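Engineer: This is what each chain is made of:
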Amino acid sequence: MSFKWIWTYIRPYGLIMLLGLVLVLITSGLAMVNPFMSGMIVDKVIEASQTHLLWSIIAVMVITTLVKSVGRYAYQLIFETVSQGVFKKIREDIYNKIQTLDFDFFNKNRTGDIMAKMTGDMEAVRHFIAWVIYMVFENATIFIFAVTMLFITNAPLALFMVAITPVTGFFAVRLAKEVKPTFFAIREQFSRLNTVVQENISGNRVVKAFAKEGYEIEKFERENEAYREKNVASAQVWSKFLPIIDALASSLMVAMILVGGILVINGSMSLGELVTFNGFLWALNNPMRMVGWLINDTQRFVASAEKVMGLLESEPKITPNEDAVQKDRIRGSVEFCHVGFSYGDEKVLEDISFTAEPGQTVAIIGPTGAGKSTLLNLICRFYDCTEGAIYIDGTDIRQMDLKLLRESIASAMQDVFLFSDTIEGNIAYGVPGATEEQIQWAAQMAGAHEFISTFEEGYDTIVGERGVGLSGGQKQRIALARALLKNPSILILDDTTSSVDSETEHRIHSSLKSYYRDKTTFIIAHRISSVKNADMILVLDEGRIIEQGTHDELLAQKGYYYSVFQNQFGDFDSFISKEVG
Amino acid sequence: MARNKYDVDEELDTPFNRQHMKRLLGYVQPYKKRMMMAVGLMLVSSIAGMATPYLLSVGIDVFIPQKNISGLVLLAFVLLVTLIITALCFRHRLVIMSDVGQSIIRDIRSDIFRKLQKLPFEYYDSRPHGKILVRVVNYVNSLSDLLSNGLVNMITDLFTLFVIIGYMLFLDPRLTLVSLAGLPPLVLAIFLVKGIQRKRTQAVSRKQSNLNAYIHESICGIKVTQAFAREEENFKIFRELSTEYRKTWMAYVRSIFIMWPIIENISVWAVSLVYVAGISLLGTGASVGILVAFVGYIWRFWTPIINLGNFYNALINSMAYLERIFETIDEVPKVDNLPSATEMPTIQGKVVFDNVTFSYDDGYPILKNMSFTIEKGQTVALVGPTGAGKTTVVNLLSRFYNVDSGKVLIDDVDISQVTLESLRKQMGIMLQDTFIFSGTIMDNIRYSRLDATDEEVIAAAKAVCAHEFISSLKDGYYTEVNERGTRLSVGQRQLISFARSLLADPRILILDEATSSIDTKTELALQQGLETLLKGRTSFVIAHRLSTIKNASVIFYIDRGRIIEAGTHEELMKKRGAYYNLYTAQYSFLEAV
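Residue numbers (the working numbering), protein chains in the order written: chain A, 217 to 797; chain B, -6 to 586.
Hints were generated in silico from the structure; no laboratory data involved. Some hints here could point you the wrong way.
[As the list claims (entries may be wrong)] No more than 30 Å apart at the CA atoms, straight line, and that leaves these computed lysine-lysine pairs for BS3-like: (1) B:Lys400 <-> B:Lys327; (2) B:Lys229 <-> A:Lys333; (3) A:Lys305 <-> B:Lys216; (4) B:Lys240 <-> A:Lys324; (5) A:Lys619 <-> B:Lys216; (6) A:Lys435 <-> B:Lys528; (7) B:Lys216 <-> A:Lys456; (8) A:Lys533 <-> A:Lys523; (9) B:Lys343 <-> B:Lys400; (10) A:Lys324 <-> B:Lys369; (11) A:Lys313 <-> A:Lys543; (12) B:Lys216 <-> A:Lys533; (13) B:Lys240 <-> A:Lys220; (14) A:Lys435 <-> B:Lys455; (15) B:Lys216 <-> B:Lys369; (16) A:Lys324 <-> A:Lys305.
[What the hints assert, rightly or not] Here are the in silico distance ranges between beta carbons for each label pair: (17) B:Thr525 <-> A:Glu445: 44 to 52 Å; (18) A:Asn703 <-> B:Thr412: 54 to 62 Å; (19) A:Gly230 <-> B:Gln12: 35 to 43 Å; (20) B:Gln12 <-> A:Tyr431: 48 to 56 Å; (21) A:Glu445 <-> B:Leu18: 31 to 39 Å; (22) B:Val37 <-> A:Ile360: 33 to 41 Å.
None of the values given here were measured: they were computed from a predicted structure. All residues carry an ideal CB built from backbone N, CA and C; glycine is no exception.
Please construct the entire structure, taking both the sequences and the accompanying hints into account.
Structural biologist: Structure below.
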């Protein structure tokens, strides 16, 4: 699975990969030369006194080393290039995928987990392509070459030594197996530690407000100590195996000196051959030692690849319609036709029907949790309704081009998110090419220009993640400017001015009057003053429309709307009479 | 307000700093004994391990020519013993060092976290949270290897070099000089390449941190991105960052990979020299066995040298991390307990601001000579334009910041003279930004008073009208929620954090736009519930919906850091000043009727 998947990414680099593997083969072969030369120096130059051969042998050694090292450098770079190419492609694929995934996905997956996939798991994939593939090939070829050479040199001794190597391999594999769960435990604990610290930092105001520092430290120390323990536990596993593997590797030396020495004394082997054997020891040992780690890395690759694949394969429920109805622009008439929406088994909206024409303003009011925001999220297709249908310009929005739909809608959401960028960059987020005048115009319309100008760096002021450093009302107004600049056919204002004082709010709404003229506008608000001028007011309660009409109509109904009005303006009559009187 | 953005590289190049090194060693201090033990083990294993080429030369030069098989057996036995000694030392060193290294890491992390708990809002507001997080978690982790194996390896590597030279000198001083001929060019090469490597390593980590920051923000802001259909534009930026990262990475690996060819080639030259010199010296003390041993030693010689080079690189790299870690640990909290601080007695509720002046940035005072007195049990409403200083007033009352001049007194006690904990424990503060911890709703409400029973939690939720929606959830109070996900609306989150404040049974309650996203009817019901609960307790309310505050005992109209009007609703209306204008503004649309 994982291998097939990764192959689709590697395939474009097939030829250069092949070249890399050929280079591995050649350099592995060349690695056999020097131990042989050492043996020749002993046998030919020293024992047989053929001194004239020394210089040619040395020349061969120096040149093969040069060629070998250049070859190795070359194929390491080849595999790096391939892996970086693949790595970059996968990373970009994931990024694109993430951008198409819907709210449902993000409600279920934590940012930290997605980040872990894009960093830690991707790293394991990269490591596999850049390193594991050629290491497996390199070690395998060197091992096979070395064994062959040893058998050619002296079969009995070779047999003896090759017999020991599988034992090393056995322990290496055991190690890889036993250490794996400990790595997972470390990773798990790391993520827990990370979460505790991250929440502590994000929630620092709450921690301080309730003087809960002591409790936080306690919570942290628990995870901190557990993290240490998990690391030590992992070390315990490899401290059990590594010395054994090391000792086994060195034991080849013991076998060589004893058995080889006896063979030399017997005369069935030359001293030079013994030296050659000495030179080949590493070629037997290294691959055996590597077996465990390579298996381990491969397993890690498989596990990580599955996670990455899972992310790439997660399908958004909301997909851009392939054979969408082609349109140049949206006028903005919105019709809800018996729309219902459930989240799991929980009904959020039921039987919502209304129609809004371009230029009209629809206001939605109702108690906390009544489904107001959800209703507007349906228009943007952040979720698809589970019953009924929503039509824009007479077309079911599920039949429309998703991009066109969202390009035609601008929303200022309740939960303001600003990017760590300049104020200008934040306002121009939806219209990257906007001119300075346009940006200032939008800020002015949103009642933000005034406070932005008081900043030392004005529009170039960098605001932090989530707009740290700005007050709630300021953030809301920047988000409003961002929506206005987009000049959409449908404008959605979800409780956009809740933290703005009523004077400013009133100013904003009156300056927006001309702006609203050709747009369909949806406003969620709690203040009567924000919704009063709407062409239609919907009162939502427990997912249903309980009242519907204009301000005056609803007042006359003396229902929910009327009672909210009374709560906020009950004293208006007495206020007027006092004023007049 | 200068802050870091995703595309601004964080400079990590810091020169070696002796002071930091000393402090770091201070963390090692408690584990000194065990560290020494590890070093001792390493030394033993290094002497034993490095004997191998020598023993091999004895075999080749003495026993084989003598055809002495029992000698060979003895030799093999000695080799076996050195091998077992090495393995045992190795094992114990691994156990000791992983334990010591991880303990040091835990200690440093603990210090930095404890300091973070003391740092005021200001610290958190002036930098991206992600960059604080990496200090506590990632930077500390990257020290881990340096502190555990790095330190011990450095000591043993240095020692090993001397052991090897010792063995070589013992075997043949002349050949020793010949084989060391490769050392100067090698050291020079290492020095040059390591410098380049370091720069490129840092470049990679900077680009990676930019890339990660962008991914992180993209995920957090995904709703905005989708709402604004900006996916293509974002992808362009991402691809640029991604390409840049690949470029720096390739430059980095080129500098890493070049090291080995250099070493290999220099080594083969050194080996050749030894062969040439050795053969010409044959018969004058040099022998086949000695040649073989020397070649063995030359190869073993490079490893410690490369390791030392790596250690030096790691050390320099971690200087930047150390600096940031120590910077945080050394940060002097601007708001801290005085040495003479006493416990705040049970608060009755009288609050006095005596000529208080305060500024966040020097030269831009937010509050100017503010004075007022609130009697026990009064409800104070603060109104005025955004940025006027309303939130600042309540922040000073909880001593989240220190006043520049003047005094804040509660029950005639200057709050700068009491411990922060005893003060804040008695305040119920509901902030503009709600924060929900990951866990159940029950845990979130209980956060303010950990020993509260389930019944008390539910009672608090009922008082703020949150009980109804919570019980309508499938898992009720045990519904898992978190910072961002989940479907709680902003209003619902406000209700939960309201319940949390209430559960603390505060002596003074502070509501900073606590109900901005709650509908009017719920708000009203909530206020009625609160009235009985908070009878006799002082409270401060900031709100933009004026219906919320009309019944306050006293209303302060704050503008540009001064109270320009104070009085009850009726009094202020009569005055026909700023409050009157604000109040009538909300009716202005009605007048148009």
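Engineer: Now tell me, hint by hint, if it's right for this structure.
Structural biologist: Okay, the hints, checked on the actual structure:
| no. | hint | result |
| --- | --- | --- |
| 1 | B:Lys400 <-> B:Lys327 | holds, 16 Å |
| 2 | B:Lys229 <-> A:Lys333 | holds, 21 Å |
| 3 | A:Lys305 <-> B:Lys216 | holds, 24 Å |
| 4 | B:Lys240 <-> A:Lys324 | violated, 35 Å |
| 5 | A:Lys619 <-> B:Lys216 | holds, 14 Å |
| 6 | A:Lys435 <-> B:Lys528 | violated, 35 Å |
| 7 | B:Lys216 <-> A:Lys456 | violated, 50 Å |
| 8 | A:Lys533 <-> A:Lys523 | holds, 20 Å |
| 9 | B:Lys343 <-> B:Lys400 | holds, 14 Å |
| 10 | A:Lys324 <-> B:Lys369 | violated, 47 Å |
| 11 | A:Lys313 <-> A:Lys543 | holds, 25 Å |
| 12 | B:Lys216 <-> A:Lys533 | holds, 15 Å |
| 13 | B:Lys240 <-> A:Lys220 | holds, 28 Å |
| 14 | A:Lys435 <-> B:Lys455 | holds, 29 Å |
| 15 | B:Lys216 <-> B:Lys369 | violated, 46 Å |
| 16 | A:Lys324 <-> A:Lys305 | holds, 26 Å |
| 17 | B:Thr525 <-> A:Glu445: 44 to 52 Å | holds, 50 Å |
| 18 | A:Asn703 <-> B:Thr412: 54 to 62 Å | holds, 55 Å |
| 19 | A:Gly230 <-> B:Gln12: 35 to 43 Å | violated, 54 Å |
| 20 | B:Gln12 <-> A:Tyr431: 48 to 56 Å | violated, 34 Å |
| 21 | A:Glu445 <-> B:Leu18: 31 to 39 Å | violated, 25 Å |
| 22 | B:Val37 <-> A:Ile360: 33 to 41 Å | holds, 37 Å |
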